[in-house]
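Place chains B and C on chain A using the hints.
Residue numbers (my numbering), protein chains in the order written: chain A, 1 to 261; chain B, 1 to 261; chain C, 1 to 261.
Rather than coming from a laboratory, the hints here were simulated on the basis of the structure. Do not rely on the hints blindly, as some may be mistaken.
Heads up, the list lumps identical chains together, so a pair's fine if it works in one copy or across two of them.
35 Å max Cα-Cα, derived DSBU-like pairs, lysine-lysine [what the hints assert, rightly or not]:
1) 61 - 139
2) 53 - 139
3) 149 - 13
4) 215 - 29
5) 211 - 139
6) 62 - 139
7) 104 - 29
8) 29 - 124
9) 57 - 191
10) 62 - 149
11) 13 - 211
12) 42 - 150
13) 124 - 53
14) 104 - 42
15) 211 - 29
16) 139 - 57
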Amino acid sequence: MSIITLTTDLGLKDFTLSAIKGSIYSLYKEATIVDVSHLVPKFNIIQAGFILKNAYKHFPKKSIHIIGVLPYETAQNRHVVIQYDDHYFIGNDNGVFSIIFDDKPTQIIELDLKNITSNNAFLKPTKDIFVHAACHIAKGGTIEMLGRKKADYNQRTTFKAQTSEYNIRGSIIYIDNFGNAITNIPELLFKEVARGRDFTISFRVPGYDIKTIRKSYSEVAPAERLAIFGPTGFLEIAINLGNASQLLGLSENDIVNISFS
Amino acid sequence: MSIITLTTDLGLKDFTLSAIKGSIYSLYKEATIVDVSHLVPKFNIIQAGFILKNAYKHFPKKSIHIIGVLPYETAQNRHVVIQYDDHYFIGNDNGVFSIIFDDKPTQIIELDLKNITSNNAFLKPTKDIFVHAACHIAKGGTIEMLGRKKADYNQRTTFKAQTSEYNIRGSIIYIDNFGNAITNIPELLFKEVARGRDFTISFRVPGYDIKTIRKSYSEVAPAERLAIFGPTGFLEIAINLGNASQLLGLSENDIVNISFS
Amino acid sequence: MSIITLTTDLGLKDFTLSAIKGSIYSLYKEATIVDVSHLVPKFNIIQAGFILKNAYKHFPKKSIHIIGVLPYETAQNRHVVIQYDDHYFIGNDNGVFSIIFDDKPTQIIELDLKNITSNNAFLKPTKDIFVHAACHIAKGGTIEMLGRKKADYNQRTTFKAQTSEYNIRGSIIYIDNFGNAITNIPELLFKEVARGRDFTISFRVPGYDIKTIRKSYSEVAPAERLAIFGPTGFLEIAINLGNASQLLGLSENDIVNISFS
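Chain A extracted, bound-state conformation (with noise of 0.2 Å):
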């Protein structure tokens, strides 16, 4: 019994979120199904990959992940289900994928679904299309039967931190519930460039540089900022026991910049 899960920007009020449930039940009652998060902000599909990239991995093997942000399908931008370590993913091939993948996905397919009807028009790629192919997948069928291979997803270079011999230019891309700024400069890259060498972390508040990087918030006192590779494995900017956005008035896309001497 496979889980199926739902990443979407449809938040918790509207009926939309419930309609895809029933729809899953209405194909597989037995199906077990799981929110990852409904709060991405609208049409953000690096919050949405950021989310996922980081819950995917606590599910057991073979579980499903739907996708439900910027679902309608362009001329360059398919519906594709994507086999990859041991999960499968299923979206709209916008860019979200390569904030999700590290590696080479084990196999891509574009789903191939025109037969699909569907009893609302606009919530069909969701709805009906990716929860017809999870549900096929949950009952044991195969994604080589939902539509033809595909060499390769969309990537997205511009979602990644810059590095020079000197320096690591990054941003912050997500602010979570506690209110610390994470940066898209994963802990491996942060090695390579800095090499041991000393460093210093500044962002938009002047003064307030950072030189050493943690391994636990509590390492400082309560209400004093740090910086740490955090549960996510990329660098965050935040305070012990603190609200790091609102004290130091960090926003999503904001540049932090690690400098090396």
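Below, chains B and C without anything else, positioned relative to chain A:
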């Protein structure tokens, strides 16, 4: 195994929602519970009805829908279970059902469950009475066993748009997660009155009249306003990839007028 | 099949909550997971305890309740599983249990799960330690196998209302979804001190004293203030069909005083 859905104004923070779910599992541990919405504005039966009207039809037949908004009985408003479109609706007959149903229900039963005890008088209607009825049905019991037949439910005609030869006068009943402003003007009513004539849709903000109805949001450029019979089948004022409510200053209860030449 | 409930301050947007659910399904795929609340204010063990205290008793006996608020162990605060009222509570012994329990628990086990590995150090307490313990119990394991017995949990007497011959001095510990301001004054304590005497309930806003306790919100006219021992068994200041917190300017931590003649 029937699905039990929940539509309430209880919010997501308090203990009350999980108390209801705990009560369901206490009576029927195999239950599949689905949240429709708990962010219904407090006491707002129009929005509760609107959300459930649009959600329920995506669920499997025989699903059971509990409505926990203004659940306290009065002499006029009685607890009922209503069979409609091969689904079951359980709630207080406070007017909410005249939003949900377009046609005559198959059957209406006024609940007679005086023997139900409760460990919480305040939550008793939803947590004990409605949950008892829902679990009874989910376990295969007939609705006739829950009370006595009733000829009709309470109608509320004031919720409907008004029409004349040259005019439809409706109002915005719902702002969705994307800021789309949804009116109480259904497509069928529009077609009946319009009979192919030209029209002008006007609303609170002068100078932003709309004279065309679109088939999809992307028919207009990003950030352009449009009118559309959206996912709900009701006329909505939207902005392609933007927030119509914020950008046009539209709120629930605002008048939307369509005049015909 | 036991139910596992979750009470956290993780919010509903981040990846962390679904990571915990994924971990539960990875260990025990038949789990029934119920969200109690994830909107507990950050680090607020009083509110976490208050919500779960009121929620748990509506669940079937043998349910397992994970509390993921301030979950990091210290020398004084240890990870425990506590059997109480034929339910299981798993969390960090940071004081939260003195809110939840009125009587002595059946058994307290300090968790000794040093062999548990984690793919995420930050989430380890809730996602790995507590989840491991919960799934162990859900699968029928004894709690004695999870660690060693402990005589007591950490008490926090400062959370309780103070009394004298002529006075009860409490505070508002929770504002619910309807704006009701709930105090830490339980009905039993009130009756013990009152012994039938007249009383005056006063709070932050002068001129709004209350001298009667109601049995239901509707005993007063709509928009009228009242005091009531509400669904939680604690005294609350409410407004019938209105928002007492907003209209009377009441906030968490405000003092509520009852003086007896």
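Structure-based check of all given hints:
1. 61 - 139: both (15 Å within a copy, 21 Å between copies)
2. 53 - 139: This pair counts as both: shortest intra-copy Cα distance 24 Å, inter-copy 30 Å.
3. 149 - 13: between (37 Å within a copy, 33 Å between copies)
4. 215 - 29: between (45 Å within a copy, 33 Å between copies)
5. 211 - 139: Neither, since 52 Å and 48 Å both go past 35 Å.
6. 62 - 139: both (12 Å within a copy, 22 Å between copies)
7. 104 - 29: Both, since 33 Å and 29 Å are each at most 35 Å.
8. 29 - 124: both (20 Å within a copy, 30 Å between copies)
9. 57 - 191: within (23 Å within a copy, 51 Å between copies)
10. 62 - 149: within (19 Å within a copy, 39 Å between copies)
11. 13 - 211: between (43 Å within a copy, 30 Å between copies)
12. 42 - 150: Within one copy only: 28 Å inside, 45 Å across.
13. 124 - 53: For residue 124 and residue 53, the Cα distance is within 35 Å both inside one copy (25 Å) and across copies (18 Å).
14. 104 - 42: Result: close within a single copy only, 28 Å intra versus 38 Å inter.
15. 211 - 29: Neither, since 54 Å and 44 Å both go past 35 Å.
16. 139 - 57: Classified as both; 21 Å inside a copy, 23 Å across copies.
The earlier numbered hints that this structure contradicts are 5, 15.
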